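Student: The primary structure of each chain is shown beneath.
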Amino acid sequence: MDWMKFAYAALVVALLIFIFPAAKYWLKNSPKAERGDWQAFLLPISLVVLFVIGLMWIVSQ
Amino acid sequence: MSDPRLQMSSVSQASVLATNKVLRNTYALLSATLIFSALMAALSTVLHVGHGTSLICSFAALALIWFVLPRTAESAAGIAVVFAFTGLLGFGLGPVLNFYLNMAHGAQAIATSLGGTAVVFIGLSGYALATQRDFSFLGGFLFSGLMVVLLAALAGIFLNMPGLWLAINAAVILIFSGFILFDTSRIINGGVTNYVIATTSIYLSIYNIFISLLHLVGFAGND
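Heads up: the protein sequence lines correspond to chains A and B, in order.
For what it's worth, this note's numbering labels the leading residue of the first sequence as 109, then goes sequentially.
For what it's worth, this note's numbering labels the leading residue of the second sequence as 62, then goes sequentially.
None of these hints come from the bench; they were simulated from the model.
The reader is advised that the hints may include incorrect statements.
[Claimed, not checked] These stretches of chain B come out as covered by chain A in the derived footprint (C-beta under 8 Å, 3 or more residues):
hint, region
1, 99–110
2, 195–207
3, 212–221
4, 233–245
5, 265–279
None of these values were measured; they are calculated from a predicted model.
Backbone N, C-alpha and C fix where the C-beta goes; we use that ideal spot for every residue, glycine too.
Excised from the complex, chain B in its bound form (with noise of 0.2 Å):
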């Protein structure tokens, strides 16, 4: 008869072997979004793409994450569908982007933008990775301050206060760095095994977190 203790460690070795092969699968795919998102982004800035565009490609991309993915994550289909969702949301950048470039020192505020995305996502993934801590007890909070913030968002349309987008910008990069902290400690733990749902969920917390810090870094340069 094997000793249980062998067995248990060869149990152990194998999760910890499967939850790597998530964590590397997910970064590749993420990386490979985020390039095939930013050349996107570029085509539509190139193309001067209006917002009914940009609104269109949003609904789309919330259509393929609502309707399509569930059906696709656990097939080869799920990687194109993940590649169509971050070329839908990266192409409808455009207008938001070519505002910025119009003003005096918008590629500053973009590319500081962009490195500050870089900087708060390699952080809290390290800090994530790092301390190996549960960070799943934050699930209900998050889901809620998001709720929190979309229905702060709905009357921001109505409203002309800049006031409030302001503070719904800084409550987005909040929410969304917690997003990032909860959903890569639920890959190291097992909380999800496949890596296209993992993709999709990072990719969203990276895309929210650049626009928001965009707006802040564009307001504070007076842009």
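So that you can see chain A by itself, here it is in the shape it has in the complex (with noise of 0.2 Å):
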């Protein structure tokens, strides 16, 4: 239905005007990364990539 699309996008666009002065705060003021910061991100971050996949490897099953 076109007009539930409609909803879902104002929805959308309500959730992007919601987070964009958050989102500008913390561009302007999140910290600089220290030597090994982004390692300590990115080593969770790909344990969670290969998790995804995995399961839905043993789903496709």
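Using the supplied hints, reconstruct the complex from the two chains, each of which is provided in its own coordinate frame.
Tutor: Right, dumping it as structure tokens:
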């Protein structure tokens, strides 16, 4: 239904407006990453990626 | 005159105690709201709630965290607002859950996604707690990533591209996994001192990871 599409679009636009001030704040005020910080972030995120791929693989069997 | 080192030590001890209290209260409230949200989701599944009602619940939940929560977060009313917010989001899950429950392996996909979300949340929170690392440097990256995902979702509503939705769901899992690290480290490092706000943030991460994982697992199971 078209009206549902527009209603979902309105919800997404509202979310964008809601998030925008926080995004602006954190883009300006995020502390700089120190040595090793990105590695410390990428390690668990890589494990999450592998875990999700593993789950999808198990379900597809 | 008292020893300044002793004073410093008691100040840091008080700070650690305050952080532990926020963390304990956050996890207690999070557990309660997750149970409440699951009950509301079960209720909406039984009632066969439609997409229209689900959408209204999402708008109402957004209105609560936008206009009501900032005014009530410092009072006891904030707890009621968090329950209302999580209850609405849980109730809004009805159509999605019914969609999968009507599929051949839908119940399995839902159970797998629930278990997968629990593993991701416990693993990432445990990692942030164990390393005590400050992940606040991720703030700009995560929020701008979320804006990009929302813009892609806006395009996806009007473009019939299943591949785009798969990419969006994968990105949502990664971004909200980052938010779990970000939010947990902000509690540990004193960036968030209000457990009502902390609970809302972590609940949103868990909720979004669950929905996106359900779509990916459902897709993988050809549902």
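Student: Would you mind marking each hint as holding or not holding in the structure?
Tutor: A quick look at each hint next to the structure:
no., hint, in the structure
1, 99–110, "violated (count 0)"
2, 195–207, "holds (count 12)"
3, 212–221, "holds (count 5)"
4, 233–245, "holds (count 5)"
5, 265–279, "holds (count 3)"
In this structure, the one hint that does not hold is number 1.
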